[in-house]
Amino acid sequence: MIRVEHLSKTFAAKKSGGLKIPGLKKPAAPNIITALDDVSFTLNDGEITGLLGLNGAGKSTLMRLIYGLLQPSAGDVWVNEHQVSRNPNAARQQLGVLPDDTGLYKRLTARENIRYFGELQGLQGDAMEKSINQLIDWLGMANIAERRAEGFSLGERMKTALARAIVHQPQHVLLDEPTNGLDVITTRAVRRLLHELKVQGRCVIFSSHLMHEVSGLCDRIIVISHGKILADGNLEAILDAGKSHNLEEAFVNLVQPQQELHHA
Amino acid sequence: MRELLNKIAIVFRKEWRDALRDNKSLRMTLLMPVYFVGVFVASSLFIIHMSNQSKATNNEPIKLAVVGAEQLPSLIDWLQERGVQVDAVGDDAYQKVETGELGYALVIPKDAREKFATGESIELALVFDATNGKLQGAIHFVRQQIWSWNGRMGSLRLLSRGISPGITNPVFIRDLNIASDEKMGFFVMASLPMLLILTAFMASVGFSADMTAGERERRSLESLLITPTSSTALVVGKWCNSFSLTLMVLLVEVTLLVGAFAYVPFKELGLRVDVSPMELAGVFVVLASLALLATSLQFLISLFARSFKDAQTYMGLMVFIPMVPLFYTLFNPSAYADWFRWVPVLGHQVLIKDLLLGGTITATHFAQLWLVSGVIAFAFLSYTIQQLRKPKIVYGI
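From first to last, the protein sequence lines stand for chains R and S. So the first sequence is numbered by this note's numbering: it starts at 1 and just counts up by one. So the second sequence is numbered by this note's numbering: it starts at 1 and just counts up by one.
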């Protein structure tokens, strides 16, 4: 279970540069960007939750706050009984994370890449090898397992990174746009894996901006725009809120007024 | 604690596997000591060669062809006293110099004896080919001897008229040239600590940058930091890799130096260079303490670099830090104060020099350097550990 309580995150905007002459102008109020604004939800075990939003909606920021590499400006995140800001390592032990655009170690084989993370997660011996073999099997990676990651295709990289993220069989799985740019076969393999994780009673959350992906997989959808949650519920609830019969239309209906508000 | 050591070992093992598979970088790193020792041996041999050559020319008497030697016997006597071998030649000396048969010649005019007796100035001609650089030294010597005879004769003449020679010589210069081949040899020896210290600083620069800035650039740092591995384990594991690599490179360099000292004939420079393997082992111990400091500095710098390229630029600048005291002491070889021993790099240099050139060495000297380097390395690494998971480092925001 992941509990997010009144989570906000603001960044100071980068200064535009240029020489400022002191005394000539009053310093402008610091330019603050609000990436997340008072977000609360609870993710349950045995559920796949889709985080739907446009580019820059705050999906990655939310993910980063959950795994504790960003500190919230307000609010907090709990992973089961662990408060992320207080005890990040205990929380991370129960998280499997595939960050956006992650890199592999090119000079290690796919199996060595996965094993390194398994060891860092505290796995060892037969249990670890068994887990690695199972993931290689599930993701159909047998042909690349002993190959060095240098020159892997996008799909091969993604599968390796995914296996690396969940080798320790975490209770909670966070995936940031896991099927981005993958071919149909690889996408299916990833989908199968997510289903498998759900059946095992794990809590899965993934971000995406692909409607069919979300509608096909998720038990619950959270629509996020400009750091705010616009809708939260199962597919029917989102369609209701967006007043449409297909998800894409509903999503646009939800997001559009927000967009206009911000660009006005 | 056991958990921590276990994690450090995991990171260390992975980084070594990665480094060993990076053949090209590893080869280049191991080439550095070979190159440095090569330069040292080559410059030593060059100076030995030069010194042997100048000794050879010093021993050979300077030959001077003179036309009309009988006109000024006192000058000829003076030159011969100074070790110049005077050969009387005929009037065609000018032509002979022109054709290259003679290197240079002194022409004394026919009326010289008469003019000398009456106290008039005599015009002597020194015939030579200025493009022949090899003879410059000999010509300079002859010219100098003629001038000093000239001064002497002038003084005698003044004295005979009751005037002090000092009147015509308000000043005179005495040349005290202390430059010698021994001195050059000393410079070569003094440059050795610099090469060794540079190696300690540079050996693992690429690897340190690769493990921090490089890892961020390849986007694997974030995934690594999401694991529940403590920042301490990650930084120390990676740092151990850089440290052991540097030690390895230094070991290769010191071993090569053992060979160099055994085979390069430093005695011919008149230097007391009997550096035993034992003393070079001492040098290695000193360098190891420096490696502690240098590698932790590399980590600190490359962690704050935005990219691998940035990291390499910063580290290029970092190498200049040790150069500052090194240059100072290179040009003031005798500069020394007790507090030098407490200053990193400067202290290392002093102790290495003592080991190579035979100064007094005590265990305290080693302890001082290990203490100072250890404390600084600890501070650098602690700061790196503390900063590792900061958003500024991971995401640059």
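Do not rely on the hints blindly, as some may be mistaken.
[Stated by the list, open to error] To give an idea of the chain S side of the interface with chain R (calculated C-beta under 10 Å), a few residues:
{"hint": "1", "residue": "Lys7"}
{"hint": "2", "residue": "Lys14"}
{"hint": "3", "residue": "Asp22"}
{"hint": "4", "residue": "Lys96"}
{"hint": "5", "residue": "Gly151"}
{"hint": "6", "residue": "Met153"}
{"hint": "7", "residue": "Arg157"}
{"hint": "8", "residue": "Val188"}
{"hint": "9", "residue": "Glu217"}
{"hint": "10", "residue": "Glu222"}
{"hint": "11", "residue": "Ala233"}
{"hint": "12", "residue": "Lys390"}
{"hint": "13", "residue": "Val394"}
Derived by calculation from the structure, the hints in this document are not laboratory data. By construction, the Cβ of each residue, glycine as well, lies at the ideal position given by its N, Cα and C atoms.
These are the hints, each one checked on the structure:
| no. | hint | in the structure |
| --- | --- | --- |
| 1 | Lys7 | holds, 7 Å |
| 2 | Lys14 | holds, 5 Å |
| 3 | Asp22 | holds, 6 Å |
| 4 | Lys96 | violated, 74 Å |
| 5 | Gly151 | violated, 69 Å |
| 6 | Met153 | violated, 75 Å |
| 7 | Arg157 | violated, 78 Å |
| 8 | Val188 | violated, 40 Å |
| 9 | Glu217 | holds, 8 Å |
| 10 | Glu222 | holds, 5 Å |
| 11 | Ala233 | holds, 8 Å |
| 12 | Lys390 | holds, 9 Å |
| 13 | Val394 | holds, 5 Å |
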